[in-house]
Amino acid sequence: MTRTLWLGLLLVALIAAPLAIYPVLLMSILCFVIFASSFNLLLGYAGLLCFGHAMFFGTAAYVAGYLLKTYGVSVEVALIAGTLLSAAMGYVVGIISVRRSGIQFAMITLAISQFVYFLLLQAEFTGGEDGMQRIPRSTLFGIFDVSDHMAFYYVTLTVAVLAVAFFYRVVHSPFGEILRAIRDNEPRVESLGFRPERYKILAMTLSAGLAGLAGALKAMVFQFATLTDVSWPISAEVILMTLLGGLGTLTGPMLGAGIVILMNDELAQFGEWALIAQGVILLLVIIFFRRGVVGELSALWRRLRPSPDQNQDRG
Amino acid sequence: MFDGISTQLLFGQVLIGLINGSFYAMLSLGLAIIFGLMSVVNFAHGAQYMLGAFIAWGLLNYLGVPYWGALFIAPVVVGAFGLVMERLILRPIQNLDHLYSLLATFAAVLIIEGLVRQEFGSTGLPYNSPLPGGVNLGFMFMPWYRLWVVVFSIVVCFGTYILIEHTKLGAYLRAANERPEIVESFGINVPRMISLTYAFGVGLAGLGGVLAAPIYQVSPSMGSNLMIVIFAVVVIGGMGSILGAILTGYLIGIVEGLTKVFYPEAANLVIFVIMIFALILRPNGLFSGKEGYK
Amino acid sequence: MPSDPQPILKVENLEAWYGESKALHGMNFDVREGELVTLIGRNGAGKTSTLRSIMGIVGNRTGSIQFRGKELIRKRTYQIAQEGIAYCPEERAIFASLSVAENMTLPPVLRPGGLSDKDLFEAFPNLHARRKSGGSKLSGGEQQMLAIARILRTGSRFILLDEPSEGLAPVIVKQIGTQILRLKEQGFTIVLVEQNLQFARLVADRHVVVENGQVVDTLTPEDLSADLDRVKTYLGV
Ligand SMILES: Nc1ncnc2c1ncn2[C@@H]1O[C@H](COP(=O)(O)OP(=O)(O)OP(=O)(O)O)[C@@H](O)[C@H]1O
Ligand SMILES: [Mg+2]
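Those protein sequence lines, which keep their order, are chains A, B and C.
Count the first sequence with the numbering used here and you get residues 1 to 315, in order.
Count the second sequence with the numbering used here and you get residues 1001 to 1294, in order.
Count the third sequence with the numbering used here and you get residues 2001 to 2237, in order.
Just to be clear, a hint being listed does not mean it is correct.
To be verified - Each pair of labels, with its calculated beta carbon distance range:
no.: 1; chain 1: A; residue 1: F288; chain 2: B; residue 2: V1076; range: 24 to 34 Å
no.: 2; chain 1: A; residue 1: L267; chain 2: B; residue 2: V1151; range: 43 to 53 Å
no.: 3; chain 1: C; residue 1: Q2079; chain 2: A; residue 2: R169; range: 54 to 64 Å
no.: 4; chain 1: A; residue 1: T70; chain 2: B; residue 2: G1064; range: 56 to 66 Å
no.: 5; chain 1: A; residue 1: L267; chain 2: C; residue 2: E2091; range: 49 to 59 Å
To be verified - Calculated lysine-lysine pairs in the BS3-like style (CA-CA distance at most 27 Å, straight line):
no.: 6; chain 1: C; residue 1: K2070; chain 2: C; residue 2: K2010
no.: 7; chain 1: B; residue 1: K1168; chain 2: C; residue 2: K2022
no.: 8; chain 1: C; residue 1: K2022; chain 2: C; residue 2: K2184
no.: 9; chain 1: C; residue 1: K2184; chain 2: C; residue 2: K2010
no.: 10; chain 1: C; residue 1: K2232; chain 2: C; residue 2: K2184
no.: 11; chain 1: C; residue 1: K2184; chain 2: C; residue 2: K2118
no.: 12; chain 1: C; residue 1: K2137; chain 2: C; residue 2: K2118
no.: 13; chain 1: C; residue 1: K2184; chain 2: B; residue 2: K1168
no.: 14; chain 1: B; residue 1: K1168; chain 2: C; residue 2: K2137
To be verified - On the chain A side, residues computed to face chain B include the following (Cβ under 7 Å):
no.: 15; residue: I96
no.: 16; residue: R99
no.: 17; residue: A106
no.: 18; residue: M107
no.: 19; residue: L110
no.: 20; residue: A111
no.: 21; residue: Q114
no.: 22; residue: F118
no.: 23; residue: A268
no.: 24; residue: E272
no.: 25; residue: I286
no.: 26; residue: L297
Hint data in this document are derived by calculation from the structure and do not stem from the laboratory.
Cβ atoms here follow ideal geometry from the backbone N, Cα and C, with glycine treated the same way.
Build the full structure now, drawing on both the sequences and the hints.
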């Protein structure tokens, strides 16, 4: 019950937040909460390190931006189009890359994302090096005007809540169970008659779809889409968010997204130091705190307040 | 012969392809050596290559050490840097899932590149060719320095290959690649061997950086874009295959050059297209047969 | 025969783990100079783990392993080997990417007294005939010969041999037995893991019986012959 209470409080806080904090910063955090969750689904639950996750994020941003600019579609159409396109991309990338596992999967997805980067660089509609500017926030459902920051914040919040709920459902479904089983012991899952590849491809599809949703939303939040959105530093950022927050924990990567975005915001004036700080933090997390913030905190919590049933499985 | 395409252009691009291929080959060779022994995909390889170029630049501009000195000094310095990196960030996580070492070396890239960019800015620094001029071959003009790069890289690559395949030292490496604990049980200091191998691979990247300095601009990002291409090369050639890395490197460079002649728009893409086809047609890599060094 | 009362290897309370699972639960035994001691016991008893623990090739180990008065428990595998212990593993570990000759000459000479390459190939002429072929192309018997031969190069006089007879035809087992006896005559100290009792009783001075990661009995060759049934229950055959 306390959990419902906490969730309620959190929701109230989120609804009230733009009164205190600049809405675009909040929206940017929410976009990355979705993006980080999508990445967490792959690495945290399926054990797949996709090193080119920005390709889904950035492509959807361009597609949503293009539809909004050229055809003036409404907000939800742009979001759905971005999501579906990225999901389809995830399916194709999945088919190609799940042929190798572990470290090679990471290298292949990185290479494919670079391929997508060059494609988008050369494509006419993206505006090349200049990117796509002045993307309009059109209407929601063709009727509601959501073009000011406040209104659009609530659109973003709603989308983020729905996305996180979807993520939660997937992770706690039988499908999510199988993904975890594949992560922990693939040969065993295979010997039970499942075909791990198919589950991995499906995980790629879902994850890419969520990443696309985040990207499409981002295009409307910032009202531009650039090559940065498809570039490897963005892929790196989402890796950092996930590891820093806590790999395979439900809330960790969301928290990580918040921390990294705020940190970037603070360090933006110090030139390269933002990137250097990301590297240092990533390194520290890998060497000393592999459970991430949420993972370490909940381990501490368990140690301080050992309840009998947890005592057994924690030894 | 090909309507509209002059032989000048054709050979010119093949030469550029061969030059690029030289770097692909040298870098993926180092990557393959490191991967073979440590199962570490050294993401920092591109950053270490960039360091090699910057050290050459610094040696020249601060200390007046010419190119030929840098050719020896820079790889040693970068190799020593690799030793430190191995101790500090790879040793503590050596028993974990190999994804962690990939991520740790990647974090090192963010730090190294960030620091260099902070210090030198993003724009490229020029480095004059130590071998100006060239020779007119009739069908094309061959700059001396490019000829030197191609020849030297071939010597380095195949020298390393012979070292690994046909010497006692290489036998230790191949054996430790298969069963490190057994090699250690013979009384060989395998942990030190791993450090030195990493340093050697990293030193090769540094050497590549020195070679590259007079050809490309010396810039902080010169390594990271190359790195992704190198990953594709290694995936195509088969992970950990020494010969596969070398041959695929040159091959991909040349194919890329030819693409520039016949279909310039696709020149950036062709490597990745080949990788995708290779994955579909030869899921284990072009040169893979058995595990280990070949 | 054991004229020297001081053991050169003294294992006390040795415990060993592979990750979380414990394989040795306090082993105690010792070996004297020039002795040939076998470790016998059923499958999974911990014989291999004992040898691996001596060499430091397990996840973690505690207790005491004294070799010629030096404590090995904190040393790394290569340092242990450099103290003068040679190890021939159960799975033979012939390197597939090395030729037979490369496999043979891989172990470095650690101290004087090792066999030269010439001596080795003379002692194992069939390996000489196949020196150029790949390590994986040898028959099981040849692989075993090679695995024993190569560690003689180092000059170590203390040898750990893990089931050299396993999976080999009787003729080959006999050849290997001859080799081991010859080593013993030359003064090598040997710890031999062996399930083949016929083979073990021909060569050993003492038998250490291992069960569940502990030493449960020590037998002389006479005990072994006198009470073969008891020993067979130890071995679970
Ligand atoms: N690499 C390993 N990881 C985990 N457990 C292991 C490992 N190797 C051995 N064990 C376990 O340690 C125990 C002792 O094994 P060990 O190999 O020492 O037995 P053994 O006496 O040599 O048996 P065998 O006669 O079959 O060779 C067994 O329970 C085995 O399952
Ligand atoms: Mg055994």
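Here is how each hint holds up against the structure:
no.: 1; hint: A/F288 to B/V1076: 24 to 34 Å; in the structure: holds, 31 Å
no.: 2; hint: A/L267 to B/V1151: 43 to 53 Å; in the structure: holds, 46 Å
no.: 3; hint: C/Q2079 to A/R169: 54 to 64 Å; in the structure: holds, 55 Å
no.: 4; hint: A/T70 to B/G1064: 56 to 66 Å; in the structure: holds, 58 Å
no.: 5; hint: A/L267 to C/E2091: 49 to 59 Å; in the structure: holds, 53 Å
no.: 6; hint: C/K2070 to C/K2010; in the structure: holds, 10 Å
no.: 7; hint: B/K1168 to C/K2022; in the structure: violated, 38 Å
no.: 8; hint: C/K2022 to C/K2184; in the structure: violated, 33 Å
no.: 9; hint: C/K2184 to C/K2010; in the structure: holds, 20 Å
no.: 10; hint: C/K2232 to C/K2184; in the structure: holds, 26 Å
no.: 11; hint: C/K2184 to C/K2118; in the structure: holds, 21 Å
no.: 12; hint: C/K2137 to C/K2118; in the structure: holds, 22 Å
no.: 13; hint: C/K2184 to B/K1168; in the structure: violated, 31 Å
no.: 14; hint: B/K1168 to C/K2137; in the structure: holds, 20 Å
no.: 15; hint: I96; in the structure: holds, 6 Å
no.: 16; hint: R99; in the structure: holds, 5 Å
no.: 17; hint: A106; in the structure: holds, 6 Å
no.: 18; hint: M107; in the structure: holds, 4 Å
no.: 19; hint: L110; in the structure: holds, 6 Å
no.: 20; hint: A111; in the structure: holds, 4 Å
no.: 21; hint: Q114; in the structure: holds, 5 Å
no.: 22; hint: F118; in the structure: holds, 4 Å
no.: 23; hint: A268; in the structure: violated, 14 Å
no.: 24; hint: E272; in the structure: holds, 4 Å
no.: 25; hint: I286; in the structure: holds, 5 Å
no.: 26; hint: L297; in the structure: violated, 21 Å
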